[in-house]
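**Q** Here are the chains, one letter per residue:
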Amino acid sequence: MSEEKLFEIIARVFNISIEQINDQSNSETIDSWDSFTVYILLDEIELAYNVSITTEESFEIKKVNDIKNILKEKRVNFA
Amino acid sequence: MEIKKLSYYINQEKIIKSKNYGKKIRIAFLGSFTLNGFEETIQVQCNQEKINCITYNAPYNQFNEEILNENSDLYKFKPDIIFLLIDDRTILDKLFYFPYEYSEEDRRKFAEEKYYELENLIKIITEKIQSKLVITNFVIPTYSPFGIFESKMEFGLKDIILHINKKLKELSKNQDSVYLYDFNSFVTKHGERNVLEYKKMFLGDIKISFDIIPYLIYEFVGYLKPILGLNKKCIVLDLDNTLWGGIVGEDGIEGIKLGPDPAGRPFIEFQKVIKSLLKSGIILAINSKNNSKDAMKVIKEHPHMILKEDDFACLKINWNDKIANMRDISNELNIGSDSMVFFDDDPVNRELIKISMPEIKTIDLPKDPSSYALILRGLNDFNVLKITDDDFKRAKMYRQEYDRHVFESTTKNLEEYLKKLDIKVKIRLADKFSIPRISQLSLKTNQFNLTTKRYQEEEIKKFVKDDKMIVGCAEVEDKFGESGITNMFIIKKNNEEWILDTFLLSCRIIGRGIEEGILSKIIEIGKKEGIKKIKAQFIPTEKNKPAENFLSDFGFQKEEEDWVFLLQNSIKIPTHLSVKFE
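Going line by line, the protein sequences match chains A and B. My numbering numbers the first residue of the first sequence as 67 and each following residue consecutively. My numbering numbers the first residue of the second sequence as 7 and each following residue consecutively.
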């Protein structure tokens, strides 16, 4: 699984271009990032990677890198 | 319409550029839980249906405050329609978890109290906000702490919900502007475990999961269509592989698939669903490339045909192209092609109609006929806000219209035809029996409509009570049968002047001098009452061309914006019909 796939999902959900996304992207740098759209994002990620993100894990998400870390713990490999 | 994921709608909403479609509606959402995403989804779905909508989502769980406080943003928003969603946990409160901590008597009392709270909110909405209301009913709980013993409890947990739902249904039955949406059935259809995700509920009080929201909105759009007169009136059907399996020209009447066997059942089911829509007032027509003789033999003689010859208001079975047939159906039935839904198994035919007549709703049928019925049932285009007696008669009346056409083609000239029709027109003032139909005509009639003013039933009722106004309607009958109430008019009295606020004619009776007959009768009555002049207007729309020359042909003179008829002038009364005022 590549980083690009994750960024594609993020770009689609937040309706921004993929170039605007990096590991440090967060609600400050992405306008449409709010508590509600993040839930939609998690929904899409769960489906795409066939994983389940717990409630507690979702609280830790402050920036894109946090999502990556959660996925890494679930053995998603960002080669 | 294909239903997409919620994120699609949220993104699309930002980029849609709506044109001015001429159909506008203000929609408010009120709920006891998070309704984020509702606005975006309905915006996008409305845009797909060519509806301009303005939306308002009340603050989270503030439905009580928004309704009770007359200074709230909800009042300022002035909605045309409110969708109110309250969930079981909110209404049942402690009883959701601990119903049996309370005595049976207390449970009954509780259910009554909760209902009255809702009734009060509904009353305020109808009286003060004067908006239409769609309230969702409650979901019958699938869990009880008493488990299998729940069914033995007197007025148990489920009974509380059933009781409130029943009372809400009673109320909506008696209130024209209130509709109860069967959310419980919606949850049954999609499955409770899919609708309510506990994780989302804990995270953000999201009680309808993201991918289900667009399906619910689709159901809600089903209310907007009839309010805006966008509901469909006619189903146009292909025959081979649509109403039956196989090709009658090749397989013969014995070889086609239609009957109580696995290959034939899907078509029986599809025909039954079509028939049920026919019974509720939808018109049926056939547009098929076929040998008429072969196809008619099936329609007339096949033992398993559910739909009979008389069920179709118009049958175009020939080798003409489908577009020409479609236009003929529209002309002969006097139904705008934008009121039609088209079913055809052949993708080429569908594409042809989609491209050349995009206003027709062409349904993409899958290869496998087993889902035909399901697809038809899933459409939200046939909803009506009111079913009147005329709706039940409609299919029959259109069939008579078809017979009239056949009669016309065998008669020498128009004059002779009209005389032989033996038309009788009865004009009456509006009463409680005709008001629903009068409002329905004002909402639906596009073609022969001078001003295209839309009036809901409540408004018509007000006009009827107003002694400075006259609301009337006319029933038409001829040798082929009754057409029911097919004209309505509204007059505003201004001393010695009458202003024709509304004058319309259902399109299926245009062109027989009926409009002249009715107007001349109105003028005759005005004359008796000492009226000196009648003022009227023609407000052009995209569709009311058929009414464009009516006033000038009748003898009205243009005076600035208005058309004026002076009652000292002689009145042109058509002689081929009888018009009575009752």
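The hints are simulated quantities; they were obtained by calculation from the structure and are not laboratory data. Backbone N, C-alpha and C fix where the C-beta goes; we use that ideal spot for every residue, glycine too. Don't take every hint at face value.
Residues from chain A that face chain B, not an exhaustive set, calculated with beta carbons under 7 Å [as the list claims (entries may be wrong)]:
hint, residue
1, Val79
2, Asn81
3, Phe102
4, Ile106
5, Thr121
6, Glu122
DSBU-like mimics (lysine-lysine), calculated; alpha carbons at most 35 Å apart, straight line [as the list claims (entries may be wrong)]:
hint, chain 1, residue 1, chain 2, residue 2
7, A, Lys129, B, Lys23
8, A, Lys134, B, Lys471
9, A, Lys134, B, Lys20
10, A, Lys129, B, Lys56
**Q** All the hints need checking, so say for each whether the structure fits it.
**A** Results of checking the hints against the structure:
no.	hint	verdict
1	Val79	holds, 5 Å
2	Asn81	holds, 4 Å
3	Phe102	holds, 4 Å
4	Ile106	holds, 5 Å
5	Thr121	holds, 6 Å
6	Glu122	violated, 11 Å
7	A/Lys129 with B/Lys23	holds, 32 Å
8	A/Lys134 with B/Lys471	violated, 68 Å
9	A/Lys134 with B/Lys20	holds, 27 Å
10	A/Lys129 with B/Lys56	violated, 39 Å
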